[in-house]
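4 protein chains.
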Amino acid sequence: MKARYDFASDNTAGAAPEAVESWLAANTGFVSGYGTDPVVARAADLIRERLQADAEVRFLASGTAANALALAMLAQPHEAVLAHEHAHVCTDETGAPGFFGAGVGLIPLAGPSGKIEPAVLELALALPDVSYRQAPAALSLTQATEFGQVYAETELRRLIEPVKAAGLRVHLDGARLANAAAAGFDLAAISRLGVDALVMGGTKAGLPLSEALVIFDHSLTRRLDARLKHAGQLVSKARFLAAPWIGMLVSGAWSERSAHANAMASQLAERIQARTPYRLTHPVQANAVFVDMPEADLLRLRERGWFVYRFLDGSVRFMCSWATTAEAVEEIAEVLAV
Amino acid sequence: MKARYDFASDNTAGAAPEAVESWLAANTGFVSGYGTDPVVARAADLIRERLQADAEVRFLASGTAANALALAMLAQPHEAVLAHEHAHVCTDETGAPGFFGAGVGLIPLAGPSGKIEPAVLELALALPDVSYRQAPAALSLTQATEFGQVYAETELRRLIEPVKAAGLRVHLDGARLANAAAAGFDLAAISRLGVDALVMGGTKAGLPLSEALVIFDHSLTRRLDARLKHAGQLVSKARFLAAPWIGMLVSGAWSERSAHANAMASQLAERIQARTPYRLTHPVQANAVFVDMPEADLLRLRERGWFVYRFLDGSVRFMCSWATTAEAVEEIAEVLAV
Amino acid sequence: MKARYDFASDNTAGAAPEAVESWLAANTGFVSGYGTDPVVARAADLIRERLQADAEVRFLASGTAANALALAMLAQPHEAVLAHEHAHVCTDETGAPGFFGAGVGLIPLAGPSGKIEPAVLELALALPDVSYRQAPAALSLTQATEFGQVYAETELRRLIEPVKAAGLRVHLDGARLANAAAAGFDLAAISRLGVDALVMGGTKAGLPLSEALVIFDHSLTRRLDARLKHAGQLVSKARFLAAPWIGMLVSGAWSERSAHANAMASQLAERIQARTPYRLTHPVQANAVFVDMPEADLLRLRERGWFVYRFLDGSVRFMCSWATTAEAVEEIAEVLAV
Amino acid sequence: MKARYDFASDNTAGAAPEAVESWLAANTGFVSGYGTDPVVARAADLIRERLQADAEVRFLASGTAANALALAMLAQPHEAVLAHEHAHVCTDETGAPGFFGAGVGLIPLAGPSGKIEPAVLELALALPDVSYRQAPAALSLTQATEFGQVYAETELRRLIEPVKAAGLRVHLDGARLANAAAAGFDLAAISRLGVDALVMGGTKAGLPLSEALVIFDHSLTRRLDARLKHAGQLVSKARFLAAPWIGMLVSGAWSERSAHANAMASQLAERIQARTPYRLTHPVQANAVFVDMPEADLLRLRERGWFVYRFLDGSVRFMCSWATTAEAVEEIAEVLAV
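Protein chains in written order, with the working numbering: chain A, 1 to 338; chain B, 339 to 676; chain C, 677 to 1014; chain D, 1015 to 1352.
Chain A on its own, in the form it takes in the complex (with noise of 0.2 Å):
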């Protein structure tokens, strides 16, 4: 039996034709290292113009590592961090914020469906600044969701207008922000909104692998470059990470396909609620469907082949990406169906 790993996560899928195209596009001839060639250079320039908005752009092969080269940026090592205490720089990490920031602190508020509830950043954002304690220098907001929601602008602008009025930062990991602008979330609403670093995700979106880390206040960039390349983050031959966005963002394939991957979860939440006992516990909206399921019903799920995880609401996660096909859906609701 083979092992499926469909709805494991959307990082189990391989490369959109879009990217690959690109990607083998720039693979020819010499050019300068270290980010400072022509493919990197249009594809920085590309994501300036999908974000509407003038910062500074570079390319790195893991979320984990921009989000938390970005953290170390917004806060002092011995100040802390406001984040979701599901968000994934909190749960799924392994502290490397705390590596990248030599100690920086997390500081986890709670929130429905991984959304920041605004009463409790207040009363974080109320507390006195103590020397035993790390203060918090930033917000970190995630769009979308852990739990697949979408904050809407309104939202977003309700927990960043008090957290800059207390003089802090705002870093927003944008690892699924595809599903989130295919789910309706206007990108220009980013740097309208303040935020100072934006964690732009393009593997869940449909790349090998790269993330843009994109800063939007030019006063954190000295030497960013020699930044990168201390922490282990910048690489020789940089246009294999830039080379993918431009196919993804010429094309809108970065927003289409994802647009894809919310559809199918959508389908699949419909099947699970039409043909199965199972609740869903979250909303739909991105390209997550979380479901309360039996213990038995999850490891009869496994022997079938299928992985999928348990989260850490307690919700069985199952993932769409790009690749998600309609007959994966159908074969996996099946499966849940009996």
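These aren't lab readings, by the way, just hints derived from the structure by calculation. Careful: at least some of the hints might be erroneous.
Below, a list of computed lysine to any residue pairs in the SDA-like style, where the Cα atoms sit at most 20 Å apart [as the list claims (entries may be wrong)]:
id, chain 1, residue 1, chain 2, residue 2
1, C, Lys840, B, Ser557
2, C, Lys840, C, Phe892
3, B, Lys340, B, Glu665
4, B, Lys340, A, Ala166
5, C, Lys840, C, Thr767
6, A, Lys2, B, Asp630
7, D, Lys1016, C, Thr704
8, C, Lys840, B, Glu665
9, C, Lys678, D, Phe1325
10, B, Lys340, A, Gly29
On the provided structure of chain A, position chains B, C and D as indicated by the hints.
Chains B, C and D alone, transformed into the frame defined by chain A:
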């Protein structure tokens, strides 16, 4: 006029056909993430086979990161690493060992053409341990050296033996190990000599971007994947870092294409000696040619579109790669001959 | 009105006469620096004798530094330390373990009155090792706990045994070890139980400022003085950190004066129970009294000049020290009784 | 035979009477912790007054920590600090700047007798910023230098002006600032020259153990106490680090006793020149005497019980301190004269 980076470095070339082919072949279906997939397993097996050693193998996007992470495993923060004063870790990695190692130090050693002089090493080992100085816990070697020299196994033994006897560990920066192998260096010697951690270069050998971190001493690898993740060096779609190794190793291209690079360097060296007034400053054993050249001549070369750089010892460096053509060698020899 | 810090903490007191005496006695003549002098050697001997253990002993000015440095010796940066959620290292040390340990993590565990619940610990130990989470490499215990509880040796054994069986190491924060000793805890149990690193508190026991870092496992101490120096924890005139220990240990004052502190806490607890409506929220076993008190009453206390603080669990904390007088206990009991 | 450390260093002496007196005077009653007490405030005021500058002042137990923490405030991890190749931060602090600064680098500069040569500094400043090298973000100066020289204000200006013009910051290691002040250096020059962070030495000037970290640029001090705590440098009973400054500064002993140390060095230098064959290798401007001495003679000295050390340039160093007596100078001169 077109900018020519043919000889600027061996990372200005693209990816070799064999690497592209297996990269493309790996882009099918869904696989588990973070290095747990069969592509990664196969590539690791091929590397173990090529090195004739049982070792842990991981694939990283950056050689700087791979070196720095290895050194952080071999020395404590309050200790140091002995390395040639012109080694890449000392001169071209922006202090990355200090970042990955929380302040781990580097002790530069002298020696001709990038090779550490045994007598100099012995002096360093003889220094007393004192609390106010970072004492060495490891030796870092480079094969081939920054100046294109290939250590003989006996030469390496002469350096490694006293180091091991003193209780230190050994790291080998093999960014250009393929060139050394092509020049006759037996890769099985690495484990035979007791090297603890090797960075086996892929990028400069014709991969798109990938270095293999090879740990021979299994006592060092507790939670190695967590260590990588924590340091921002574990990518989700790891198959794309591993796959190119398969094509390169199965076909033999990893070393054969480096043999070509070496041959191009020899050819270029011959042309320079035959047709120009310039003196070669180091023997040509791998893929680099170093030339004693006045600044005016270097500028003239730049004006003709050719980018090459003055190196650490003042020589001008011409690097050949898997992609260097005989025509390009002829072209630049002509420009140099004028 | 004079500000009164008598019960604010046990570090608001000055230095005890026995500590001052031996501090003054050490201030004669010229001695070698950085901990190599006879005063340091003598103090270390006395500590080894008191602990009935062969161990490396160093003297640091800061307990936070001593704890963090110890944890950095017991866990790798990509690993974590298990500790009570209210332990000082978790709540009051500004993320210092993350700084000293290059991002080492903390895993908070629950349990009553600052004691770790064995079942909670076992759950944490049972979690699978995964690359995206910092797995525990050590357990940090506190004796007496933040809530003034004293673990019995059997209780400690029940926590340490499964931890040791799982291959983890053990740290003991003994900032108030003197109070525990005064309450009957046998110091010889520390090495008997297999604790790897102890921070033996001097400051809160009546020294001017000094904590003893005690490492039982000699395999951890390679170049320990260099490690201290590298981390800014090796002072030149080390005799002044070591000397007060001599007076305190030779005279027995280290534990006897803590017995006085404990007695004062008992007396205060009795007064509160006899004369006020307040409920004690934790048993009084060492030098702390915790009280359930409305905010208005706390403010009234503050207005009368008395500084005490609301603690992690919402209780108001009254700390006694070697310097607490029966008169002060009477005074505050009177204020509370109104 | 008694070991004699009189000339081994200026930290082999104990604490001066004025320091002891105010240390004892501070040991009364209960005060708030962690540097918030009136003793700390008073000592800080006295330092601001002495420096004629509005600055943040904190008291640390270790000069290495104070220097490293200051450098970590002035340079980012991917940047470096320019310093004399023989400066204490480069040669005697076990890589602490790399630890406190998460890999911050040091760039050693040459110059006679520990003074940086302006032309060498200018060369370093002229180097282009590249991603693969840690570019300088700060200059670290030492007054008096490791070789006992006292920079004139004009000399410092010649070094600081180009550095400030290039946008770098300035750190002054004043471990022996008292000796420089005693030799005529105007302390008000420090803020006048635009120094950003000063470590004002107490320990070598006769305090038991205390260095003042003085930050002139208030934009650097956000959450300074949390930064100190995070780095293990905020002690609870801070009054004991601050109090000795009060006695030393109010009485004038801080510089007057250093004037004595300087005078003893002059006297020793005279004796050596008059009665021995040894050449002085550096001018005697502060409290150090450096002598060109064969190994056999050094060993003979050691056999007679006198500990002195061969220094970085090969000279044998004799340090005088506040506690050096004319008798000891006579004694050692006699031994040397034989």
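Hint check results:
1. This hinted pair checks out: Lys840 of chain C and Ser557 of chain B have alpha carbons roughly 18 Å apart, not beyond 20 Å.
2. Distance hint between Lys840 of chain C and Phe892 of chain C is fulfilled; the C-alpha atoms sit about 14 Å from each other, no more than 20 Å.
3. Our distance criterion of 20 Å between C-alpha atoms is met by Lys340 of chain B and Glu665 of chain B, whose separation comes to about 16 Å.
4. In summary, the hint linking Lys340 of chain B to Ala166 of chain A is not supported, as the alpha carbons are separated by about 51 Å, beyond the 20 Å threshold.
5. Distance check on the hinted pair: Lys840 of chain C and Thr767 of chain C sit about 25 Å apart at the alpha-carbon level, beyond 20 Å; violated.
6. Distance hint between Lys2 of chain A and Asp630 of chain B is unfulfilled; the C-alpha atoms sit about 61 Å from each other, more than 20 Å.
7. With a C-alpha separation of about 14 Å, the suggested pairing of Lys1016 of chain D with Thr704 of chain C holds against the 20 Å cut-off.
8. Straight-line distance between C-alpha atoms of Lys840 of chain C and Glu665 of chain B comes to about 66 Å, which puts the hinted pair past the 20 Å bound.
9. A hinted pair counts as satisfied when its Cα atoms are at most 20 Å apart, and Lys678 of chain C with Phe1325 of chain D does not qualify at roughly 53 Å.
10. A distance of roughly 11 Å separates the Cα atoms of Lys340 of chain B and Gly29 of chain A; the hinted pair therefore holds under the 20 Å criterion.
Hint compliance for this structure: hints 4, 5, 6, 8, 9 are not met, and every other hint is.
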